[in-house]
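Participant: Here is what each chain is made of, one letter per residue.
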Amino acid sequence: MIAVATIEHDAELMLRVREGDSQSFALLLAKHRAPVIHFLYRMIQNQAVAEELAQEVFLRVYRSRASYEPTAKFTTWLFRIASHVALNHIRDGKHERNQESLDQDSDEGMSRQVASTGPTVEQQMLREARFEEIRRTIQLLPAKQRAAVLMHKYEEMEYAQIAAALECSESAVKSSLFRAYETLRAKLAHMNR
Amino acid sequence: MNAKNNSCPMQNENAEILLSYCARTLEPEQVIQVEKHLLGCAECREWAAGQQAVWAAMDTWEPEPISADFDAALFARIAATEQPSAWERWTAPVRQFLQGGFGWRPMLSAGAVALTLVIALSIENPFRKEPPVGQSVKLEAHEIEQAERALEDLEMLRQLEAPEEETSL
Ligand SMILES: [Zn+2]
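Going down the list, the protein sequences come from chains A and B. Take any residue in the first sequence, count from 1 to its spot, add 1005: that is its number in my numbering. Take any residue in the second sequence, count from 1 to its spot, add 105: that is its number in my numbering.
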């Protein structure tokens, strides 16, 4: 249990939301909007779907305000909801259908970026090819391993936080991360060496 | 950290420290400790180089820009959920009366009895008109979804308060 004196700022804001302060909710949204959407984007790899799921996440945060208790770090609680929403989306099989539109999106993205000024066309194409390889390799990881890697790499979350977000033990997170990075090393290590 | 060992301990029990080294989250003293080990251990050097390459590759994956109307859409959805439901609108006068502050407890019991009777009658009433099938199904699906979400939220909160031990991801 977190003592009142050491309560983190986000949890304090959430407690104010519980009291009906919508301004505090806007502050929480401003701070966590990007990390949540970026996490969901990298999980699902479709920006429109990621934003739709992020709406669901923040809606759940808002709806849970009455029962909110600061028993864990706010970010952990938030990413628990985000992981839950993403894993449910993948489990329900909505994911494969999104992949079709993703491929269209990335083709458009490539032509748009290649056409822009800056680095040469060859450099741009090389960069796009690398990006594509990273994207596809991460996509091949099992969903929970992928979530663990994304939280570890991009959100810089500790093992205990990831464990709480994914509802498993810390040792399970560690072994999962090691397996995931092993796969990534086997497939991506050649890229920057 | 025995550099002469063929299967280096750092790749087993202490691989965690090597991963943290590659993630640059170690304290300076630990960095020195790891770098000393790396000088004498080819296996760990290979591991670290691969991990750093993965890290660098992942750094190049920039997220997409977020839609400008994200917040507006969210606030609109919140406002929609904040609208009182049909049930809340119908029962508002009763709830206001119950919150009036006088003798509400017996009234609540009487109300519960009356409500039970109304439900029982509406279920048993042979003259009750059935709503069109599509409408009924739509309403049920909506209610089930709402109830499922509420249960999921509750379950999540419950588990967050008492994290359970589970081993496989
Ligand atoms: Zn070693």
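To be clear, the hints were calculated from the coordinates, so they are not data collected in a lab. Everything numeric in this text was worked out from a predicted model, so none of it was measured. One or more of the hints may lead you astray.
As the list claims (entries may be wrong) - Simulated pairs of lysine-lysine, DSS-like, Cα-Cα distance not exceeding 30 Å:
(1) A:K1179 with A:K1192
(2) B:K141 with A:K1149
(3) A:K1179 with A:K1036
(4) A:K1078 with A:K1192
(5) B:K141 with A:K1078
(6) A:K1078 with A:K1179
Participant: Now, for every hint given, state plainly whether the structure supports it.
Facilitator: Status of the hints after comparison with the structure:
1. Pair hint K1179 (chain A) plus K1192 (chain A) holds up; C-alpha atoms about 20 Å apart against a cutoff of 30 Å.
2. Simply put, K141 (chain B) and K1149 (chain A) have alpha-carbon atoms about 35 Å apart, too far for the 30 Å limit, and the pair is violated.
3. For a cut-off of 30 Å, the pair hint linking K1179 (chain A) to K1036 (chain A) stands: about 28 Å separates their Cα positions.
4. Simply put, K1078 (chain A) and K1192 (chain A) have alpha-carbon atoms about 34 Å apart, too far for the 30 Å limit, and the pair is violated.
5. For a cut-off of 30 Å, the pair hint linking K141 (chain B) to K1078 (chain A) is broken: about 36 Å separates their Cα positions.
6. Proximity of K1078 (chain A) to K1179 (chain A) is assessed by CA-CA distance (about 20 Å); at most 30 Å being required, the pair is judged to hold.
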